[in-house]
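**Q** Chain residues, written in single-letter form:
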Amino acid sequence: MDKYDGSDAGSAPASLEDPWYDVPVDHWGDWDGDAAGEPVAVPPPRAAPGDRTDEVYLAVQRSPEFREVRSQYRRFVVPAAVAFLGWYLAYVIAATAAPGLMARQVAGAVNVALLAGLGQFATTFLLTWAYARHARLRRDQAALDLRWDVTMQTRRDSNL
Amino acid sequence: MTSEHQTLALFLFSVFVALTLAITSWASRSRHGTAEEFYAGGRLFSPLENGFAISGDYMSAASFLGISGLIALYGYDGVLYSVGFLVAWLVVLLLVAELVRNCGRFTLADVVAARMRARRVRIAAGTSSVTVSVLYLVAQMVGAGSLVALLLGASGGAQRGWAMAGVGALMVTYVVFGGMRATTWIQIVKAVLLMGGAITLTVLVLIRFHGNLNELLNTAAERSGHGGAFLGPGLRYGQDTVSRLDFISLGLALVLGTAGLPHILSRFYTVPTARAARRSVVWAIGLIGSFYLMTIVLGFGAAAVLGSDGVREGDASGNSALPYLSLALGGGAGSTGGTILFAIVAAVAFATILAVVAGITLASSAAVAHDLYTSLRRRHGRQGWSEVKVARVSAVGIGAVAIALALLARDQNVAFLVGLAFAVAASANLPVLLFSLFWRRFTERGAVWSVYGGLVPALLLVVFSPVVSGSEQALVPSVDFHLFPLENPGLVSIPLGFLFGWLGTVTSPSPADPARHAETEVRALTGAGAV
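These protein sequence lines map, in sequence, to chains Z and P. The first sequence runs 53 to 212 under the numbering used here. The second sequence runs 53 to 583 under the numbering used here.
Mixed in with the good hints there might be a few duds.
Reference listing, derived: stretches of chain Z covered by chain P, where coverage requires no fewer than 3 residues with Cβ under 8 Å from a Cβ of chain P [claimed, not checked]:
hint : stretch
1    : 116 to 123
2    : 133 to 140
3    : 143 to 155
4    : 168 to 179
Using C-beta positions, here's what the derived DEER-type ranges look like [said to hold, decoys possible]:
hint : chain 1 : residue 1 : chain 2 : residue 2 : range
5    : Z       : R104      : P       : V294      : 50 to 60 Å
6    : Z       : Q193      : P       : L100      : 17 to 27 Å
7    : P       : D361      : Z       : S123      : 54 to 64 Å
8    : P       : W491      : Z       : R190      : 19 to 29 Å
9    : P       : G384      : Z       : R126      : 50 to 60 Å
10   : P       : H262      : Z       : L141      : 58 to 68 Å
11   : Z       : M204      : P       : R492      : 23 to 33 Å
12   : Z       : A135      : P       : R81       : 43 to 53 Å
13   : Z       : D197      : P       : R81       : 56 to 66 Å
14   : Z       : D197      : P       : P563      : 50 to 60 Å
Rather than coming from a laboratory, the hints here were simulated on the basis of the structure. We treat Cβ as the ideally placed atom computed from N, Cα and C, and that holds for glycine.
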């Protein structure tokens, strides 16, 4: 137990940055508390207020705040995914279908193929950085606010 | 190989095993016996810890020994593997990690079940998860047997059998007694060891060539016997159209399969939030990317230092290139430096296998207990064991099945199994995952069709492929019933998985429930209601 607590203390900075870290458990707690006893096959919490919860989610989905989060996500992810999958497929197809082009020397022993391979590494790192930055600046705060709203609304409903 | 190498390697490996057992015993004392603890390690790992654990889960001995060996043998064509294994993580980061963390609890099927509460959807997703895991597990265990033969000179069948049984027993012990907490820490320790080993060898290679990469590449090309062709693609996959298509198929499976591997998905549940899941993937991409960059240096380094005969000396498929390289870098056979480096590489390779198989065993026991058992039990209306108990028992069962299959296949060339596991994951798991998360009209029938429509063709195509029959290296070389020319089914089965998902959806008798989609979408992007 003591070592376990120690490792939690080690991860404390991460949880401090994330105010949600321990908030939602008080409602869903009953749901998770008996974990060893009754296995639960269905993940989302939909205990008593089925229809009301549905309405909350439908309303949130239509809200401008949520649509903003979703469009921020899509505006980054769709072009980025198309670009990197296309670039990777082009690379694999070029390596198999045009080995002559890939073997063309650029400088010393370095040829097009090696540059393209290192380019794949470079674009992967770059896109990772850009995605993390975009999510942190454009999505995280709004998503957190929405999570708060949904949690409050569904909790109020279930207490009625 | 002299007995000194073996003794030191065995000693280092025993130290690692003792450490992992200590971790397991510590984790079993602090556990509470809950599903949260067993499957997700309490969900309180930090992104840094989880990033290392993801890397430890992902980087197998096949990457460490296999890819550097392929580069040493075929030059540039081996680099294509490194690239595919890394780029795959962009799919995970952009499309899967955060959303899966927000929507699921323990398994892949949880995410799909967030959209569709149907039992048969959960059974389908659980079945394909178990299939992927068992394929991958058998590949790793046969690899462990070959590694023992290679590194310890134990070429006898009995010793290889014992090595596989030992690996199986250890992985089951970690999972049954330590659950996710022990597995995670073992993966973290392994990732640190693997990175340390790779960095040491890379630095030694670079010192040997005075930091001059040009010199390294030229020497590698010259000593490989292929000349300039060694540095360009085509030595392995360029012979004919079929082998080229086969490579494209493998490339597709690698890049799309990672996001459907159950043991990778289950790692995202060990952190508290989607944001932490994203940050752990960022860490993992940094670690995995640097590791694969180093395998490129090590592969060309092995070709340059050992030459083409040296690379093939221990094992014609190149797996021995890295151990022999370490021997040469340390000062050659018989020198103290060579002995120590060789032993370290051997021990790191063993550690790598253990950490990977533990992760897979845990994920497949979760699929059996959380997806299959709970669904089937409710159908029959019986009251039975608690879910965690079922998970522990199924870990033992999966371990036994994996050991048995590995013993049966121990003399076969099972390298294709890794590619196959990725292909099945990409065909059966990824389409249903992406459709559930992103497609408003996706229905229950679509989900079931998508899973089986990817899983069944992938497996059938392999049965009728040249790896099973009709060639000298096939599993059944004596007969020939191969109908499908490619070794990897991905090129056909991945589009089929998506196609059947679409087909099942448009032919559904009832349309998708908009409330279900609203809930999934809001939860996926905001984390509302996430556990």
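**Q** Hint by hint, note whether the structure agrees.
**A** Consistency of the hints with the structure:
Note: the stretch 116 to 123 of chain Z has 3 residues with beta-carbon separation from chain P under 8 Å; the three-residue rule is met and the coverage holds. A stretch counts as covered by a chain when three or more of its residues have a beta carbon under 8 Å from one of that chain; for the stretch 133 to 140 of chain Z and chain P the count is 4, and the coverage holds. By the rule of at least three residues with a Cβ nearer than 8 Å to a Cβ of chain P, the coverage given for the stretch 143 to 155 of chain Z holds, with 9 such residues. Only residues whose beta carbon comes within less than 8 Å of a beta carbon in chain P count, and the stretch 168 to 179 of chain Z has 6; three or more means the coverage holds.
Checked against the given bound of 50 to 60 Å, the beta carbons of R104 (chain Z) and V294 (chain P), roughly 59 Å apart, stay inside it. Separation of Q193 (chain Z) from L100 (chain P) is about 23 Å and conforms to the stated range, judged on CB atoms against 17 to 27 Å. Judged by the Cβ atoms, the range 54 to 64 Å given for D361 (chain P) and S123 (chain Z) holds: they are separated by roughly 59 Å. Take W491 (chain P) and R190 (chain Z): their Cβ atoms lie about 24 Å apart, and the range 19 to 29 Å holds.
In this structure the hint that G384 (chain P) and R126 (chain Z) lie 50 to 60 Å apart at CB holds, the actual value being about 58 Å. At roughly 38 Å, the beta-carbon separation of H262 (chain P) and L141 (chain Z) lies outside the given 58 to 68 Å, and the hint is violated. Hint check: M204 (chain Z) to R492 (chain P), Cβ distance near 26 Å, so the stated range 23 to 33 Å holds. Checked against the hint of 43 to 53 Å, the pair A135 (chain Z) and R81 (chain P) passes, with Cβ atoms roughly 49 Å apart.
Between D197 (chain Z) and R81 (chain P), the C-beta spacing of about 41 Å breaks the proposed range 56 to 66 Å. A hinted range of 50 to 60 Å for the beta carbons of D197 (chain Z) and P563 (chain P) is inconsistent with their spacing of about 32 Å.
When each numbered hint is compared with the structure, violations occur for hints 10, 13, 14.
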